[in-house]
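S.K.: Here's the letter readout for the chains.
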Amino acid sequence: MSDMNTAMVEKYRNSFLKEVEANVEEGEWVKMCMQCGVCSGSCPLGPHWAHPPQEIFMMIRAGKREEVLASDSMWMCTSCYNCIVRCPRELPITHIMHGLATYAKKLGLVPKGQATAEFSQIFWNNMMKKGRVNELKLGLSLYFKDGFGQGIKNAMANQKLGMNMMKAKRMSAAEFFGGHGIKDVSGLQKMIKKAEEIEAAKLEANK
Amino acid sequence: MAKHEYSYYPGCSSQNGASSSNLKRSIDTMCEVLDVKLNEIPDWNCCSASIGYGGGSVLPRMTLSARNIALSEQAHPDQDIVATCAACWLATKEASERFAHDENFFKEANTALAEANLKMTNKKPIRHMAEVLIEDIGYEQLQSGVKKSLEGIKIAGYVGCQTNRPFGIDGESFENPMYLDKMVDALGGESIKTYEKKVQCCGGALAFSEPDKSQEMIKGIIEAAYDNGADMIVTPCPLCQANVEIYQDDINAKFNTKFNMPVVYYSQLISVAYGKNASDAALDGQIIKAKKLEDLAAK
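From first to last, the protein sequence lines stand for chains G and B.
First residue of the first sequence? That's 1 in this note's numbering, and the numbers climb one at a time after it.
First residue of the second sequence? That's 1001 in this note's numbering, and the numbers climb one at a time after it.
These are calculated hints, taken from the structure and not from any lab test.
Nothing here was measured: the structure is a model prediction, and the numbers come from that model.
One or more of the hints may lead you astray.
Heads up, simulated PhoX-like pairs for lysine-lysine below, C-alpha to C-alpha not over 20 Å straight-line [said to hold, decoys possible]: (1) G:Lys105 with G:Lys207; (2) G:Lys193 with B:Lys1258; (3) G:Lys167 with B:Lys1291; (4) G:Lys167 with B:Lys1289; (5) B:Lys1148 with B:Lys1291; (6) B:Lys1258 with G:Lys160; (7) G:Lys183 with B:Lys1119; (8) G:Lys153 with G:Lys137; (9) G:Lys193 with B:Lys1107; (10) B:Lys1291 with G:Lys169; (11) G:Lys160 with B:Lys1254; (12) B:Lys1254 with G:Lys153; (13) B:Lys1107 with G:Lys190; (14) B:Lys1147 with G:Lys160.
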């Protein structure tokens, strides 16, 4: 368990809802949920969530901290915003799901091997390196995330797709050597570091 | 001087050799025929799309968009920011709205921006290319320039998610937006107004991380196009285009279907209807050839 997680458990012993309100993006909206279920019914990944949004909201209020933060449910969000536009109370549900995912990550509670959590981090690292996404490397990192052998298998299985993309000039081998990027990479990285510091300080203060 | 000028945010997938480079090429052609000038934001960066949240939490993510807004203010102070990618548009607009509604957040983003020697005032409208077509050009003018009508081509308008939600196009419904159909009709094509999967999610980034779950949804999008007698699908979104086009082989293998449905961009329809050739319309960038459009372009 991370130190931050231990500290948060201690501080918010009596109310997980308060913890979510204080630390999760748009978390202050959770208590406005009226349990109508439109979000869960509207979600394209509906059948695949262990706990769809409506249930997550109720679980937060019921203090089921571990069950919520360590679940893979919020990682099922495809960011389609169907729940947001349909919610009768206009809760920013998509953002709350992203916020719960981010918070779980900061506390070190994401289930090991959660595929979307892994892809999300790969995407972020890829983008941070040069300020723009390198799609070829993004694809390769995804194929090879579980080791070299599995990577080769994945690459072989997707060979035709890769060739099709190359032929259509929508994937470029040149991306492997350098590729697209911005000029002021160091400025961008400093800027992100600062933003992360500002956020970390806030989280620390809430401990 | 061009009739309309915008500060342009093309996004990562539109770059040369990237997955929607065909969108960029056809957008360039479309803008040329419509007398629209897109001025690229110098040194623009990735917005982290909608999947970045697992790596970057809210302030770092939104600061990425703040940098693009700041660079646009510097280079093109009097021009609206226009994006062609759904995720680019959504991320930038969402960031801009949050900065506008939360002064603290706005200050924090500017504190971070200062590290890159930038400053943002956040006064610019953030617009989607579809808004430019509808609001600044209009269906009538769009129709008046048609040289080769898309007559007889049945086209399923697939709007997808993020061009439609949460912001959408002003005056359009989230559940049944009609603007893509109206565009098709303006070009002389046959829109399929009853295409029931027009706002169905394609899985977005989960097409990479959860392929089985996503491909099941993509299958429905294609199947409904066939059921409605479509010759092709048209979409404004680069990820929708890629997801719905490139996995058809996989889906056929998995579900024993025989899909071979072209998925094109509105900019490709407009380019061909305005008399441009297949290469200018970037039809060579299709993995599933849009034969009817190629034939029309060759006429």
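S.K.: Which earlier hints can't be squared with this structure?
M.R.: Structure breaks hints 2 and 14.
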